[in-house]
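Student: One-letter residues, chain by chain:
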Amino acid sequence: MDADQQVRKLANRVTKALETELLDLVLSGDIASFGKLCDRYYNSIVAIAYSVLTDHHLAEDAAQETFLRALKNLKKLKSKDKFGSWLARICRNVAKDMIKKELRGIDIENLLPLTDGGNDEHENQAVKQAMGRLSLSERELIVLRYYNSMSHEQMSSVLGLSKAAINNRLVRSRKKIAKHLQNNGFAGIEL
Amino acid sequence: MNQQNNKKPLGELISRAVGRENLKFDFSKWKVQNQKEIQDFQVQIKHSGINNPVLTNIWRMIMNKTMTKLAAAAAIIAIVVVGMYYLGVSPDGAGVVWADVLRNMEASQTVTFTFEWEKEFEESGYWWGEGTILVKGPYRRTDATSGIRYGDGPPHEDATVEIMDLSRQNRFVELHPSQKLAYYAPDHGGSDTLLTYDGLKKNFRDGTEECLGEVEIDGRQAICFRLSTDDKEFTVWADPDTALPIRIERTAKEGIDKTVLSNIAFDVELSDELFDMTLPEDYCVMNMATEEFKVPFELTEAHLVEELTTTARGLGGTFPTRFGRGRPGEEALEKYFAETRRAVPVEGGGTPMLGTEFLKRLPEDSDWQYVGEDVKLGDAKKPVCWWKTPGSKTYRVIYGDLSIRDIEPGDLPKIPWLEE
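The listed protein sequences derive, respectively, from chains A and B.
Using the working numbering, the first residue of the first sequence is number 1, and each one after it goes up by one.
Using the working numbering, the first residue of the second sequence is number 1, and each one after it goes up by one.
For the record, the hints were derived by calculation from the structure and aren't laboratory data.
None of the hints are false.
Each computed DSS-like pair below joins lysine-lysine, with the alpha-carbon atoms no more than 30 Å apart: (1) Lys36(B) x Lys75(A); (2) Lys24(B) x Lys16(A); (3) Lys16(A) x Lys78(A); (4) Lys75(A) x Lys31(B); (5) Lys202(B) x Lys176(A); (6) Lys78(A) x Lys294(B); (7) Lys31(B) x Lys36(A); (8) Lys175(A) x Lys202(B).
Computed from the model, here is a short list of chain A residues facing chain B with C-beta under 7 Å: (9) Leu18; (10) Gly29; (11) Glu123; (12) Arg174.
Here are the computed distance ranges between Cβ atoms for each label pair: (13) Gly219(B) x Ser162(A): 44 to 50 Å; (14) Ser85(A) x Glu301(B): 35 to 41 Å; (15) Asn168(A) x Ile217(B): 38 to 44 Å; (16) Arg168(B) x Asn168(A): 21 to 27 Å.
Note that the coordinates shown come from a computational prediction; the quantities given were computed from them, not determined experimentally.
Think of the CB as a built atom: it goes at the ideal place given N, C-alpha and C, for glycine as much as any other residue.
Let's have the full structure, built from the sequences with the hints guiding it.
Tutor: Given below as structure tokens:
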């Protein structure tokens with residue numbers, strides 16, 4: 001690890017400590033601090049919900065329900081430095097509950113959004129098919145990474161995984177997607 | 001399906017298929033929608049006895065900043081040479097190829113060398129240092145003096161000794177003799193400085209090498225190799241007789257980031273005592289896994305005064321917004337957060353964290369309060385903090401000039417945000 005990474009590591013620790021402060025404030029009744037925490041994790045939580053629900057609007061609904069459940073259960077949070085991964089767990093449950101409740105036969109290949117344009121559309125369809133073949137955890141990782149350009153640090157915070165583990169899994173998942181694309185006639189894909 | 005003619009990055013394709021931008025959480029709307037649940041939560045909090053924020057470790061972290069930066073500075077030494085065995089090359093050196101050097105590195109057991117480095121970081125930070133590294137089997141040891149400077153601020157130097165045992169799940173100690181301070185990790189410890197031994201091998205394996213032929217360096221002949229990775233370039237001068245490096249330089253492709261290794265010696269006898277991780281009895285020891293801090297003497301308010309002083313000096317002569325506690329609220333928190341970023345190490349600041357430890361060990365009913373936000377060091381009129389000692393009816397109040405006075409509860413200074 002070089003010095004820049006060390007600096008980022010320090011910044012990450014500062015962020016964690018700041019989150020602990022915010023959690024303490026929430027637990028003293030300061031709801032505005034909860035809003036600050038929600039802001040910090042909104043993108044991640046929507047992305048996680050999206051990887052299960054594959055629908056942008058549903059994913060945003062799931063994120064809002066996740067925050068509500070989190071607030072109700074905040075006193076049960078044992079490790080404040082794991083708030084992000086705790087929130088992610090709640091989110092997965094919320095998303096799965098939504099599927100059960102609505103009995104939706106969700107198919108990621110059909111629900112991932114389309115874009116205009118011939119080649120783009122073909123490519124999007126192929127990417128969606130490839131993602132549909134990934135395991136849920138792999139898909140979650142890919143969506144987190146590309147949903148809103150999330151950094152490895154942010155992903156590490158919500159997944160509770162080391163950056164090395166994230167990197168390894170990302171590489172593996174990307175290779176699977178690339179292989180699927182190549183098998184379906186898309187040459188020239190750069191990993 | 002049509003073949004694609006142009007190469008396309010996979011990340012771009014995935015982003016286009018699933019990506020979204022500018023997601024924004026509407027907290028105000030959420031609050032309105034969940035008004036009842038929020039009120040229930042606040043009622044629960046009120047009756048549960050959970051109250052003010054507890055002491056956090058953020059200040060401990062700031063005080064660690066010096067250590068972290070210096071350790072990081074040492075970590076820049078990404079060029080750690082592995083001990084090398086002479087595995088047989090042609091006597092005139094003509095047959096020395098990069099593979100010989102790599103093979104010898106892989107086979108090595110012990111190596112010692114000196115190193116110098118310099119590096120820019122963030123926007124205005126600058127590191128430099130020099131020292132030695134010893135490698136013996138799973139053991140690593142660094143003795144280094146590192147310097148750090150932010151912007152036009154004063155330079156700060158510190159000497160450290162770091163030892164690591166890779167065979168015991170990275171057991172690690174870092175000693176700061178000038179402060180009689182040690183950081184200890186029973187396992188999964190982390191001096192990246194010492195782990196760069198493995199990083200270097202990887203860099204050398206992954207890099208693209210080029211042999212520049214025979215050159216003269218330090219008054220002797222050497223075979224020169226140049227390697228390149230994504231972000232670094234390495235120059236390795238190898239002894240033509242042994243295929244062992246005699247000098248290595250590493251430079252970043254962007255910015256100032258340079259490290260030079262010299263005086264490299266292989267297969268030297270290194271006593272096990274050099275890697276003894278026994279902690280000196282008179283040191284303050286921080287367990288990095290648990291953050292438990294063992295202090296071999298009694299902590300007093302003098303330690304609190306010392307840390308407050310050091311902290312204020314690190315912030316240009318003003319006490320911080322918070323210290324354990326302080327003005328609540330998001331704005332204060334953000335201000336405090338910003339202070340942690342600009343705090344600079346202070347020369348002669350004593351052992352860090354002792355004041356925080358004193359504070360953490362105060363009894364629960366000591367009624368600690370910190371009100372030093374924006375108070376200038378030396379201001380005799382403004383209070384910085386107060387607390388009550390066990391059995392006492394008066395409060396100990398520290399003022400900006402660091403004087404300590406005993407004050408009756410009714411005479412405590414009036415602070416607007418405390419009155420609210």
